[in-house]
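A.B. asks: For reference, the chains in residue letters:
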Amino acid sequence: MVSFVQVLDFAGTFAFATSGIRLASAKRFDWFGAYVVGFATAIGGGTLRDILLGVTPAWMQSPIYLICTALALFWVIAFGKYVITMNNTIFFFDSVGLSLFTVVGISHSLMLGFPFWVAIIMGSITGAAGGVIRDVFINEIPLIFRKEIYAMACVVGGLLYWILSLIGMSDFTCQISAGFAVFITRLVAVRFNICLPTLKGEDYYKKKG
Amino acid sequence: MVSFVQVLDFAGTFAFATSGIRLASAKRFDWFGAYVVGFATAIGGGTLRDILLGVTPAWMQSPIYLICTALALFWVIAFGKYVITMNNTIFFFDSVGLSLFTVVGISHSLMLGFPFWVAIIMGSITGAAGGVIRDVFINEIPLIFRKEIYAMACVVGGLLYWILSLIGMSDFTCQISAGFAVFITRLVAVRFNICLPTLKGEDYYKKKG
Amino acid sequence: MVSFVQVLDFAGTFAFATSGIRLASAKRFDWFGAYVVGFATAIGGGTLRDILLGVTPAWMQSPIYLICTALALFWVIAFGKYVITMNNTIFFFDSVGLSLFTVVGISHSLMLGFPFWVAIIMGSITGAAGGVIRDVFINEIPLIFRKEIYAMACVVGGLLYWILSLIGMSDFTCQISAGFAVFITRLVAVRFNICLPTLKGEDYYKKKG
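Residue numbers (our numbering), protein chains in the order written: chain A, 1 to 209; chain B, 1 to 209; chain C, 1 to 209.
Think of the hints as simulated: they come from the structure by calculation, not from any bench.
We treat Cβ as the ideally placed atom computed from N, Cα and C, and that holds for glycine.
Mixed in with the good hints, there may be bad ones.
[Said to hold, decoys possible] Using 25 Å as the maximum straight-line C-alpha spacing, the simulated DSS-like pairs for lysine-lysine come out as follows:
{"hint": "1", "chain 1": "C", "residue 1": "Lys-81", "chain 2": "A", "residue 2": "Lys-200"}
{"hint": "2", "chain 1": "B", "residue 1": "Lys-200", "chain 2": "A", "residue 2": "Lys-81"}
{"hint": "3", "chain 1": "A", "residue 1": "Lys-27", "chain 2": "B", "residue 2": "Lys-27"}
{"hint": "4", "chain 1": "B", "residue 1": "Lys-147", "chain 2": "A", "residue 2": "Lys-81"}
{"hint": "5", "chain 1": "C", "residue 1": "Lys-27", "chain 2": "C", "residue 2": "Lys-81"}
{"hint": "6", "chain 1": "C", "residue 1": "Lys-147", "chain 2": "B", "residue 2": "Lys-81"}
{"hint": "7", "chain 1": "C", "residue 1": "Lys-27", "chain 2": "A", "residue 2": "Lys-27"}
{"hint": "8", "chain 1": "B", "residue 1": "Lys-147", "chain 2": "A", "residue 2": "Lys-27"}
{"hint": "9", "chain 1": "B", "residue 1": "Lys-81", "chain 2": "C", "residue 2": "Lys-200"}
{"hint": "10", "chain 1": "C", "residue 1": "Lys-27", "chain 2": "A", "residue 2": "Lys-147"}
{"hint": "11", "chain 1": "B", "residue 1": "Lys-27", "chain 2": "C", "residue 2": "Lys-147"}
{"hint": "12", "chain 1": "C", "residue 1": "Lys-27", "chain 2": "A", "residue 2": "Lys-200"}
[Claimed, not checked] Ranges between beta-carbon positions, derived for each pair:
{"hint": "13", "chain 1": "A", "residue 1": "Ala-26", "chain 2": "C", "residue 2": "Gln-61", "range": "38 to 44 Å"}
{"hint": "14", "chain 1": "C", "residue 1": "Gly-113", "chain 2": "A", "residue 2": "Ala-70", "range": "42 to 48 Å"}
{"hint": "15", "chain 1": "A", "residue 1": "Leu-187", "chain 2": "C", "residue 2": "Val-55", "range": "36 to 42 Å"}
{"hint": "16", "chain 1": "A", "residue 1": "Ala-26", "chain 2": "B", "residue 2": "Phe-79", "range": "37 to 43 Å"}
{"hint": "17", "chain 1": "A", "residue 1": "Val-7", "chain 2": "B", "residue 2": "Asn-88", "range": "48 to 54 Å"}
Construct the complete structure from the given sequences, taking the supplied hints into account.
C.D. replies: Structure representation (structure tokens):
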């Protein structure tokens, strides 16, 4: 039987893969290139996490991620025009993916006996590193370093997980709450256009000075 | 005694290192930078594979890859003018390298007990990921995502390996056949200019729509 | 009690993180992005080394590197104007970091039983790979491939380590000498503007030919 988490995992993978494939299409990648970028976007974060934790990456244990990426590719090829206008739907699933991947990354690391501060970083890596790999592949400055609250939402969710765990909440409560915290942080940040301050570059001081 | 496979492995490493060093020279890298890019091109794919499989990378077990890259560097420094006009020879050895690295990647993964679909991916990574790392280092969009049948040839070879293995062929037959399949797929694709279709970007739909 | 090496380690981490944060600020990264780039610059080399050696990365065992990067970020945010004019101080600590990280990388690899030629590569990776990751993140061609003696200094230090070890010097003597060799090689190279030759690109031969 397929559990609720597996459905969310599939939806998140699909959304992440689609985001990679869409950006690859803007750079005129061929189908194979788009597939690889989509796949790397979907599984890159979890793979980096598993390499750091010293375990075998999840996608090497089940072909579901390969299949899911293939479906995302067919979807973009067949319905490209609509996919491009479905920004809200894709944003929704991308945020679901981010939330879920973060929670999975945290639980996974805690289960392996790592302390909470490592687990929060691993949760953020699971959620956000795939997008960084995607942006390196398409030769752009990683988006998450410049715009929007993205990986920061993972950290917020991770900290809530930690606090709830400290005051004795069950794993399940921690996970659900952390997931919602990531989702809502991202939603609120995008809705109200909340950004982190940017650093002033050398130019700024030269002009002033 | 040096086996036939070791000779091919050396030739493939040399061809891959040369391809990295040539591209580095177009970007005016210094000798050290060119060496590092050449080395990363040659061993990058196998290293990523071994990290994913959880074993120690091959190049850490024998200095032959370091020496081979050094020879490639000397060769480009001394005969740069000729190397640049030897496109066909380099293409030949690069394709030999691709074929051999793919077969090595597949056999290696099967030997460690991974299923066939993982082994095919690992074969493709062994053959093609070095070129991706090279292109990231020289700050270009990875070539294999945009042009020619390259990593796709690894997948074709991998699928043939699988089919032959399913119908009971010996390991040796599978390996030789898969290697030739990679080589010939690449040759035919380049000779007849066969490409995968590219994805249509947002511009396309905007212009049409 | 805090040892002398730990103080140097902290100073080196701080200098590396600052170099990442400064370059991120030139690209208008937000605080979070700058923090991630600074952190990756500081721990990237050691992390790649530990992944290759098959052990858990050092920064996952103590939060000191996270804290140190946070201090570097606060420092740049608060004193940006001064940080930008402190080129000499930063150069000094960056070279200290490079020397120390190289020696740590070599000792670490030897302790795990790897041969000397692997250890020297690991020392160079520990010292220089963080800067490569930084440059990939900010979408520039890695500086160390094009300019200055940088990773080459690590190799010089590593070779001295090897020679001293071969003639029977104590570990401590080897480490101190190798560290100074890295530091002085870098200093002398920058002071007298010593560069490695660059490779001639295709243009050169076309123009000549």
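A.B. asks: Does each hint hold? Answer for all of them.
C.D. replies: Going down the list of hints, with the structure as the test:
no.: 1; hint: Lys-81(C) / Lys-200(A); in the structure: 9 Å, holds
no.: 2; hint: Lys-200(B) / Lys-81(A); in the structure: 9 Å, holds
no.: 3; hint: Lys-27(A) / Lys-27(B); in the structure: 22 Å, holds
no.: 4; hint: Lys-147(B) / Lys-81(A); in the structure: 24 Å, holds
no.: 5; hint: Lys-27(C) / Lys-81(C); in the structure: 16 Å, holds
no.: 6; hint: Lys-147(C) / Lys-81(B); in the structure: 24 Å, holds
no.: 7; hint: Lys-27(C) / Lys-27(A); in the structure: 22 Å, holds
no.: 8; hint: Lys-147(B) / Lys-27(A); in the structure: 12 Å, holds
no.: 9; hint: Lys-81(B) / Lys-200(C); in the structure: 9 Å, holds
no.: 10; hint: Lys-27(C) / Lys-147(A); in the structure: 12 Å, holds
no.: 11; hint: Lys-27(B) / Lys-147(C); in the structure: 12 Å, holds
no.: 12; hint: Lys-27(C) / Lys-200(A); in the structure: 9 Å, holds
no.: 13; hint: Ala-26(A) / Gln-61(C): 38 to 44 Å; in the structure: 41 Å, holds
no.: 14; hint: Gly-113(C) / Ala-70(A): 42 to 48 Å; in the structure: 43 Å, holds
no.: 15; hint: Leu-187(A) / Val-55(C): 36 to 42 Å; in the structure: 40 Å, holds
no.: 16; hint: Ala-26(A) / Phe-79(B): 37 to 43 Å; in the structure: 41 Å, holds
no.: 17; hint: Val-7(A) / Asn-88(B): 48 to 54 Å; in the structure: 53 Å, holds
In summary, the structure agrees with every hint in the numbered list given earlier.
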